[in-house]
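Visitor: Chain by chain, the residues run as shown.
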Amino acid sequence: MSNKPQITTHYADGSPSETRDMTPEEIALQQAPMEPLTNETPTAG
Amino acid sequence: MAIKTFTTGEVLTAADTNTYLANSGLVQVASGTLNAAATNFVGCFTPTYRNYRVVLDNVIPSASTDVYLRYLSGSTPNTTSSYFYAYRAINSAGTSLDQSGAGINAGFINCRFTGSGQSGSIVMDIFDPQISARTQLVNNSQNLGTSVYISSFGGISFDASTVFDGFQINTLGAPTLTGNVTIYGYRQA
Chain P
155 MSNKPQITTH YADGSPSETR DMTPEEIALQ QAPMEPLTNE TPTAG
Chain B
170 MAIKTFTTGE VLTAADTNTY LANSGLVQVA SGTLNAAATN FVGCFTPTYR NYRVVLDNVI
230 PSASTDVYLR YLSGSTPNTT SSYFYAYRAI NSAGTSLDQS GAGINAGFIN CRFTGSGQSG
290 SIVMDIFDPQ ISARTQLVNN SQNLGTSVYI SSFGGISFDA STVFDGFQIN TLGAPTLTGN
350 VTIYGYRQA
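Chains as they are written, first to last, in this note's numbering: chain P, 155 to 199; chain B, 170 to 358.
Treat each hint with caution, since some may be false.
[Unchecked claim] Think about it this way: if two alpha-carbon atoms lie no more than 20 Å apart in a straight line, the pair counts; the simulated SDA-like pairs of lysine to any residue are:
(1) P/K158 to B/A183
(2) P/K158 to P/S169
(3) P/K158 to B/G342
(4) P/K158 to B/N309
(5) P/K158 to B/T347
(6) P/K158 to B/V224
(7) P/K158 to B/T345
(8) P/K158 to B/S233
(9) P/K158 to B/A232
(10) P/K158 to B/N204
(11) P/K158 to B/V292
[Said to hold, decoys possible] Calculated from the model, a selection of chain B residues having no Cβ within reach of chain P, i.e. all distances over 10 Å:
(12) N187
(13) Y189
(14) A191
(15) N220
(16) Q299
(17) G324
(18) S326
Simulated from the structure, these hints should not be mistaken for lab results.
No residue lacks a Cβ here, since even glycine has one placed at the ideal position from N, Cα and C.
Starting from the given sequences, assemble the full structure and let the hints guide the process.
Guide: Take a look at the structure:
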């Protein structure tokens with residue numbers, strides 16, 4: 155199995171769905187604009 | 170207003186049934202599963218409907234991640250810095266987890282997953298993707314993690330008059346998502 159992030163495409167017109175590796179350009183755009191949430195166990199407010 | 174009101178003992182004919190089906194409020198236009206970091210739903214927005222409801226259920230992340238949306242033109246995601254979003258969120262301990270962003274290259278649709286083994290759901294209404302106007306979106310989401318529940322509401326406005334025919338659900342990272350996505354059009358009278 156590939157280690158690259160993958161992208162799946164579903165088509166509303168009924169064409170078969172497909173999954174492929176992301177291109178280098180797509181991988182470059184995989185940048186979350188914010189840090190993920192880390193306070194799973196919050197302190198009492 | 171009811172299309173027709175039946176009386177006791179009256180026969181529901183095929184014609185009546187077809188009329189009701191044709192006049193249902195929500196019409197399913199597409200569906201699919203999430204099984205990667207990014208999933209495209211191509212061609213689900215058409216001139217037939219102005220507004221859409223999108224339901225994501227049993228969404229499970231492979232690791233800590235948030236969930237984002239990008240609109241599509243064909244299979245190409247729009248990555249211009251045009252997404253504005255703001256969310257109120259709170260967890261079951263009463264801690265505020267609000268999020269906002271202005272001029273971002275993707276819209277935030279929440280869930281706020283903090284690790285694997287969690288599950289969430291998202292419901293979105295998307296307004297005017299097929300009209301040359303700002304495409305806007307409101308959504309609610311929830312996520313149950315390890316002893317902590319997170320609920321949020323908010324929305325996204327795309328600051329351009331671009332016409333879109335689909336959307337992409339994306340973690341914007343290595344984590345993948347599994348889950349179900351169903352897309353409905355709001356029937357127009």
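Visitor: Hints first: check each against the structure and report whether it holds.
Guide: Going through the hints against the structure:
no. : hint             : in the structure
1   : P/K158 to B/A183 : 52 Å, violated
2   : P/K158 to P/S169 : 24 Å, violated
3   : P/K158 to B/G342 : 11 Å, holds
4   : P/K158 to B/N309 : 31 Å, violated
5   : P/K158 to B/T347 : 17 Å, holds
6   : P/K158 to B/V224 : 28 Å, violated
7   : P/K158 to B/T345 : 11 Å, holds
8   : P/K158 to B/S233 : 18 Å, holds
9   : P/K158 to B/A232 : 16 Å, holds
10  : P/K158 to B/N204 : 14 Å, holds
11  : P/K158 to B/V292 : 29 Å, violated
12  : N187             : 22 Å, holds
13  : Y189             : 24 Å, holds
14  : A191             : 20 Å, holds
15  : N220             : 16 Å, holds
16  : Q299             : 13 Å, holds
17  : G324             : 16 Å, holds
18  : S326             : 16 Å, holds
Hints 1, 2, 4, 6, 11, counting from the list given before, are not met by this structure.
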